[in-house]
Amino acid sequence: EPEVTQTPSHQVTQMGQEVILRCVPISNHLYFYWYRQILGQKVEFLVSFYNNEISEKSEIFDDQFSVERPDGSNFTLKIRSTKLEDSAMYFCASSEGGLYGYTFGSGTRLTVV
Amino acid sequence: EDQVTQSPEALRLQEGESSSLNCSYTVSGLRGLFWYRQDPGKGPEFLFTLYSAGEEKEKERLKATLTKKESFLHITAPKPEDSATYLCAVQAETSGSRLTFGEGTQLTVNP
Chain A
167 EPEVTQTPSH QVTQMGQEVI LRCVPISNHL YFYWYRQILG QKVEFLVSFY NNEISEKSEI
227 FDDQFSVERP DGSNFTLKIR STKLEDSAMY FCASSEGGLY GYTFGSGTRL TVV
Chain B
978 EDQVTQSPEA LRLQEGESSS LNCSYTVSGL RGLFWYRQDP GKGPEFLFTL YSAGEEKEKE
1038 RLKATLTKKE SFLHITAPKP EDSATYLCAV QAETSGSRLT FGEGTQLTVN P
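Chains A and B, in that order, give the protein sequences. Sequential numbering from 167 applies to the first sequence in our numbering. Sequential numbering from 978 applies to the second sequence in our numbering.
Isolated chain A (complex conformation) (with noise of 0.2 angstroms):
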């Protein structure tokens, strides 16, 4: 069965660091999604990607999250100055569009120190 890769499945970075989030999403999908989880609340919305560029984001992705699509099959997020309060679990997701449900990767646990 197709799946979403994620990688790596956790990463530890100082505060203020860049990191990168990276994401192999499923091949013929069109819709792509970040999302994430804090320690025991609920999923949130990060943002949305579809035809090159971003289609929706929340309040949350403000300007220290950027995403990119810099080949055929990777999915990329990145925070450019890390803050604790990143720390999280961040799922990739991809879907057909439409109705379909999203199918997502099995997360990377980011711990920001």
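In silico contact screen, one side only, chain B against chain A (beta carbon under 10 angstroms); selected entries: (1) Val981; (2) Gly1018; (3) Leu1024; (4) Gly1079.
Only pairs whose alpha carbons sit at most 20 angstroms apart, straight line, appear in this in silico EDC-like list of lysine to aspartate or glutamate: (5) B:Lys1046 - B:Glu1080; (6) A:Lys249 - A:Glu210; (7) A:Lys208 - B:Asp1016; (8) A:Lys223 - A:Glu262; (9) B:Lys1036 - B:Asp1016; (10) B:Lys1040 - B:Glu992; (11) A:Lys208 - A:Asp252; (12) A:Lys249 - A:Asp229; (13) B:Lys1045 - B:Asp979; (14) B:Lys1040 - B:Asp1016; (15) B:Lys1045 - B:Glu1032; (16) A:Lys208 - B:Glu978; (17) B:Lys1019 - B:Glu1080; (18) B:Lys1019 - A:Glu169; (19) A:Lys223 - A:Asp252; (20) B:Lys1056 - B:Glu1022; (21) B:Lys1019 - A:Asp252; (22) B:Lys1056 - B:Glu992; (23) A:Lys223 - B:Glu978; (24) A:Lys244 - A:Glu222; (25) B:Lys1019 - A:Glu210; (26) A:Lys223 - A:Glu210; (27) A:Lys223 - B:Asp979; (28) A:Lys208 - B:Asp979; (29) A:Lys208 - B:Glu1080; (30) A:Lys223 - B:Glu1070; (31) B:Lys1019 - A:Glu167; (32) B:Lys1046 - B:Glu1033; (33) B:Lys1036 - A:Glu167; (34) A:Lys208 - B:Glu986; (35) A:Lys208 - B:Glu1047; (36) B:Lys1040 - B:Glu994; (37) A:Lys208 - B:Glu1022; (38) B:Lys1046 - B:Asp979; (39) B:Lys1036 - B:Glu1058; (40) B:Lys1046 - B:Glu978.
Everything labelled a hint here was simulated from the structure, so no lab data went into it. Heads up, the beta-carbon is just placed ideally off N, CA and C, and yes, glycines get one too.
Assemble the complex: chain A is given as a structure, and chain B must be docked to it using the hints.
This is chain B only, laid out in the frame that chain A set:
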């Protein structure tokens, strides 16, 4: 603002003891309601999409139903491997393709 409330927060069942999980929602026009299963340290795994009131979907021991204000996930004769957190999410007509999630119900099925 779209809101999703799930109850109970946690549920313990004995193997074979059927029950239901509830998802109440408030959205400005529902495009779809989604149920996901999440195992510890993993991403949400898609179970169902429901589009309109009265709709029902089934998968093995799970059955999801939808009304205009809430959805139920019925678990019939659960097994220990059904233990997980079950997440409900809505997609609203006015919110593009984003999903708004509830807090989830943590289900534990004891053998």
